[in-house]
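Chemist: Listed below, chain by chain, are the residues.
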Amino acid sequence: MTYLAKPRLHHPTLPHNKLGFTRRDYEGKISTLCAGCGHDSISAALVQACWELDIEPHRVAKLSGIGCSSKTPDYFLGASHGFNTVHGRMPSVLTGANLANRELLYLGVSGDGDSASIGLGQFAHAMRRGVNMTYIVENNGVYGLTKGQFSATADQGSKSKKGAVNSDTAIDLVAMALQLGASYVGRSFSGDKEQLVPLIKGAISHRGAALIDVISPCVAFNNHPGSTKSYDYVRAHNEAVNRLDFMPRRDAITAAYAPGEVIEVTQHDGSVLRLRKLAEGYDPGDRLAAMSHIAQHEARGEILTGLLYVNAAADDLHGHLRTVDRALNRLGHQELCPGAAALAAINAELV
Amino acid sequence: MTSNVKAGTAPRIQAVNDFVIKFANVNGSGSASANELFARSLLRMGVPVSPRNIFPSNIQGLPTWYEVRVNEHGYLARRGGVDLMVAMNPQTWASDLAEIEPGGYLLYDSSKPMPASKFRDDIHVLGVPLTDLCATRYTDPRERQLLKNIVYVGVLAAMLGVEPEVIATLLGEQYKGKTKLLQPNLDAFMMGLHHGNEYFDDALGLRIERRDAVGQRIFIEGNAAAALGCVYGGATVCAWYPITPSSSLAEAFQKYCSKLRVDKESGRNKFAIVQAEDEIASIGIVVGAGWNGARAFTTTSGPGVSLMTEFIGLAYFAEIPVTIINVQRGGPSTGMPTRTQQADLLSCAYASHGDTKHVLLFPEDPRECFDFSAASLDLADRLQTPIFVMTDLDIGMNHRLCEPLAWDDSRTYDRGKVMTADELEAGKDFGRYLDVDGDGIPYRTLPGTHPSKGAYFTRGTTRDPYARYSEAGPEYLYNVERLLKKFETAKELVPQPVLRKAAREARFGAIFYGSTSPAMAEAFDALQAQGVQLDTLRVRAFPFSAAVDRFIAEHETVFVIEQNRDAQLRMMLINEQGIDPARLMPILHYDGTPITARFIIGAILQRMRAANVEPIAARQGKAA
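Note that the protein sequences, when read in sequence, are chains A and B. Position one of the first sequence corresponds to residue 267 (my numbering), numbered consecutively onward. Position one of the second sequence corresponds to residue 2 (my numbering), numbered consecutively onward.
Mixed in with the good hints there might be a few duds.
List time: in silico EDC-like cross-link candidates among lysine to aspartate or glutamate, alpha-carbon distance up to 16 Å [said to hold, decoys possible]:
#1 B:Lys-271 - A:Asp-591
#2 B:Lys-271 - A:Asp-306
#3 B:Lys-177 - A:Glu-615
#4 B:Lys-256 - A:Glu-615
#5 B:Lys-358 - B:Glu-482
#6 A:Lys-459 - A:Glu-318
#7 B:Lys-260 - A:Glu-615
#8 B:Lys-358 - B:Glu-489
#9 B:Lys-7 - B:Asp-123
#10 B:Lys-265 - A:Glu-601
#11 B:Lys-358 - B:Glu-311
#12 B:Lys-454 - A:Glu-322
#13 A:Lys-459 - A:Asp-306
#14 B:Lys-265 - A:Glu-322
#15 B:Lys-119 - B:Asp-133
#16 B:Lys-271 - A:Glu-601
#17 B:Lys-7 - B:Asp-202
#18 B:Lys-260 - A:Glu-601
Distance ranges between label pairs, derived from CB positions [what the hints assert, rightly or not]:
#19 A:His-586 - B:Pro-333: 33 to 39 Å
#20 B:Arg-412 - A:Asp-549: 54 to 60 Å
#21 A:Lys-427 - B:Pro-475: 34 to 40 Å
#22 B:Lys-265 - A:Asp-549: 53 to 59 Å
Over the 10 Å line for every Cβ pair with chain B, so calculated as not near, a few chain A residues [claimed, not checked]:
#23 Ser-358
#24 Gln-422
#25 Gly-429
#26 Pro-491
#27 His-503
#28 Ala-545
By construction, these hints were calculated from the structure, which means they are not laboratory data. For every residue, glycine included, the Cβ atom is placed at its ideal position computed from N, Cα and C.
Let the hints inform the model, and build the full structure from the sequences given.
Modeler: Below, the structure written as structure tokens:
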């Protein structure tokens with residue numbers, strides 16, 4: 267048996283969202299990842315975020331590459347179509363899917379090997395095109411499925427389980443995404459659901475390329491002393507710039523904060539991101555300041571988390587390409603075929 | 002200023018509406034549009050021409066040629082040999098001269114004196130002081146350079162008898178609304194025309210005479226026609242990466258979409274074109290769009306297909322509609338990027354790791370580029386698999402006379418087996434990889450179709466008929482054997498081969514495909530005229546249908562004529578159809594130039610002689 271179906275028994279007291287779904291309706295098959303894997307916590311956060319946002323599960327398309335992280339779309343949103351594509355090439359497939367039908371929500375799930383090594387090019391170009399998607403990197407700094415090789419996000423000087431020291435410079439996908447023009451950039455930790463769930467909700471409501479880099483310890487190959495992606499290390503070095511509250515358009519904004527401590531960002535769909543500032547002077551609307559702030563903290567060995575940058579006025583690839591509002595895959599031959607008369611006119615010009 | 006005519010020792014070639022003119026230029030000098038103007042003027046006089054651009058992989062300064070075959074019988078293949086060389090490039094002077102047939106003509110710029118040793122005795126030399134003429138008339142250096150090309154068109158018009166009004170009309174169309182450009186061009190043309198009339202009366206034995214041999218045919222590049230096929234066939238997503246010789250296809254798709262596919266009310270686009278970062282991303286975008294129910298294609302050449310192969314395997318195994326238009330060029334590696342070949346058959350037919358087979362279509366000309374591109378989008382949806390349209394540089398980047406493009410307004414798109422929300426709601430059993438109709442083709446659902454039914458997880462890993470992950474042997478076999486069945490189904494759906502029978506019963510047959518078509522048609526006629534009986538079969542698709550087997554079975558020996566070194570179609574015939582290799586005799590042309598009838602005739606006659614076959618007419622002659 268190479269896949270595990272989840273029992274469909276529902277607890278009668280489970281709460282329902284506005285569409286009448288329980289969290290169970292957003293789950294998938296039983297995970298086949300190792301017990302304690304950070305990736306499963308991220309799957310749970312995705313389930314929670316979609317349930318809380320009252321998203322119809324079948325209106326989501328989940329796409330992934332290859333690797334442990336890329337297996338996870340089978341373990342959440344079982345009523346959604348999913349596509350486990352080619353190693354490192356999820357961004358292009360997601361781009362094409364998005365072009366075909368702009369009416370669905372696109373969730374890209376990838377890992378550090380998938381996005382920072384083999385797929386760095388596709389990662390970069392999807393960000394710079396502004397594909398409307400939530401792109402989650404489940405970042406553990408290691409190749410889990412092939413048993414413990416370093417990935418390109420492994421920190422210089424960190425140690426593998428077998429004791430090898432990584433001498434290569436680490437790639438920071440957050441810094442890259444900022445430089446490349448992603449319009450929603452955050453970092454979080456799989457062990458911090460309180461931070462991660464609103465960050466995902468904000469990303470899903472965002473129009474444009476949204477990247478969340480989630481440090482997700484690998485319990486099998488990268489959770490030892492000497493690793494900088496272990497549970498202990500991340501907990502000790504996590505430096506949050508803000509705490510995000512996500513408010514959908516329908517909710518009245520009631521929470522009160524002292525002025526100066528809160529930044530409110532209204533996204534194009536009317537939802538509000540309310541950021542409780544933790545770091546002095548941090549402005550998530552200032553891309554250059556965000557890049558500098560990240561670099562300074564990285565130099566101190568701190569992992570900066572929270573919503574690092576958002577441009578709520580950003581447009582997406584469909585905006586750039588000026589495509590019609592209707593999904594391209596729903597256009598029929600009447601809308602697409604110019605007809606025989608137009609062809610006769612073209613022929614007449616070709617002599 | 003010296004205009005001169007120097008007669009050669011060989012008798013002058015005399016021909017009306019049947020000769021080859023070649024222009025040798027430096028690329029980036031503005032010669033392309035003047036040469037095309039010349040070719041078009043003959044068409045407007047009702048005389049068929051087939052021009053070919055022979056260009057370097059370079060933007061400025063390297064040699065480039067434009068070869069125009071004039072043939073009132075409508076033979077459109079490259080002929081080989083040159084009757085009149087317009088030698089405008091000192092770099093290639095020696096080799097250009099060497100190409101002229103004995104008794105042929107050389108037209109050159111005589112502004113600077115050339116030593117006699119630079120010429121050939123057996124050709125007729127026409128010196129026109131083009132640089133001096135332009136230097137006298139124009140002051141701007143750029144104008145002097147560009148208009149020099151129009152001046153030689155004027156001289157040629159005078160010598161060949163091209164009607165000046167035809168050229169004036171064409172220039173008027175080209176510079177419509179741009180009087181500032183039109184006037185100097187007209188002026189330069191007239192200057193050349195007068196010069197030609199004054200100094201070169203009867204200097205040339207070649208003439209153009211008005212005919213009505215073009216008919217309704219159109220003059221278009223295969224790439225433009227293929228792009229129109231994608232517009233008409235309903236492609237909404239195009240992803241591509243620039244590569245010669247396919248880039249102009251994507252650019253033409255953009256051009257035609259901007260004209261034909263913009264929503265009138267909103268001014269917004271009913272198409273999405275992405276110039277991707279590489280060919281891997283191009284095919285990835287097409288796979289994503291195809292998975293999500295949009296008609297999508299990419300266009301590329303051999304190196305691009307090499308990069309795409311991992312994705313092609315995924316699309317084959319996950320059963321996703323994909324159209325790939327491969328405008329073939331000379332390989333391997335960067336090979337001959339601006340020359341033509343048919344050398345990607347194997348790399349496309351079996352692209353990707355593991356057991357894979359793909360559908361290939363072989364258009365013969367721009368008209369079929371249009372038809373097959375549109376058809377490929379239907380076939381991809383029907384068969385849920387990658388479809389390759391195998392065109393090449395010769396068809397793709399040259400203007401070619403062909404039948405007008407045609408579309409039947411009653412035609413609708415075949416979207417294949419897509420299960421709808423209503424069918425799912427009604428409880429129809431949905432197994433993504435379940436063969437319910439016995440044709441190997443399963444049903445698919447599109448993302449977002451139904452709130453609780455029909456969702457599935459697509460992957461390149463083995464799965465059971467209900468798309469559940471499985472590494473079990475029997476489930477794997479069910480999938481890969483069903484894919485074979487699907488390939489069998491494809492045989493009846495693809496364009497069928499075209500048979501041409503000789504006047505009498507023929508022991509020999511010839512199989513060919515794609516851009517070899519005009520050369521083969523000409524060779525067929527010439528052989529027939531010599532009494533050589535040869536049936537021909539133009540293969541238009543892989544997998545091969547039963548008609549191909551029948552054709553081979555009906556002939557003792559079949560020549561397989563291809564433009565590649567390794568006889569790739571022949572290999573496929575041997576391996577896929579189980580044909581005895583001894584019965585398939587390869588005839589191969591692969592130096593990067595388009596195949597000619599002369600080559601085919603020579604090769605066939607040589608092999609027939611080796612097999613002791615004499616033409617029937619010759620045998621009869623002996624008996625009498």
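Chemist: So, for every hint listed, does it hold in this structure?
Modeler: Structure-based check of each hint:
no.	hint	result
1	B:Lys-271 - A:Asp-591	holds, 9 Å
2	B:Lys-271 - A:Asp-306	violated, 40 Å
3	B:Lys-177 - A:Glu-615	holds, 14 Å
4	B:Lys-256 - A:Glu-615	holds, 15 Å
5	B:Lys-358 - B:Glu-482	holds, 12 Å
6	A:Lys-459 - A:Glu-318	holds, 14 Å
7	B:Lys-260 - A:Glu-615	holds, 14 Å
8	B:Lys-358 - B:Glu-489	holds, 11 Å
9	B:Lys-7 - B:Asp-123	holds, 10 Å
10	B:Lys-265 - A:Glu-601	holds, 11 Å
11	B:Lys-358 - B:Glu-311	holds, 13 Å
12	B:Lys-454 - A:Glu-322	holds, 13 Å
13	A:Lys-459 - A:Asp-306	holds, 11 Å
14	B:Lys-265 - A:Glu-322	violated, 33 Å
15	B:Lys-119 - B:Asp-133	violated, 21 Å
16	B:Lys-271 - A:Glu-601	holds, 8 Å
17	B:Lys-7 - B:Asp-202	holds, 13 Å
18	B:Lys-260 - A:Glu-601	holds, 14 Å
19	A:His-586 - B:Pro-333: 33 to 39 Å	holds, 37 Å
20	B:Arg-412 - A:Asp-549: 54 to 60 Å	holds, 58 Å
21	A:Lys-427 - B:Pro-475: 34 to 40 Å	holds, 38 Å
22	B:Lys-265 - A:Asp-549: 53 to 59 Å	violated, 44 Å
23	Ser-358	violated, 3 Å
24	Gln-422	holds, 27 Å
25	Gly-429	holds, 33 Å
26	Pro-491	holds, 36 Å
27	His-503	holds, 34 Å
28	Ala-545	holds, 35 Å
When held up to the earlier numbered hints, the structure conflicts with 2, 14, 15, 22, 23 and fits the remainder.
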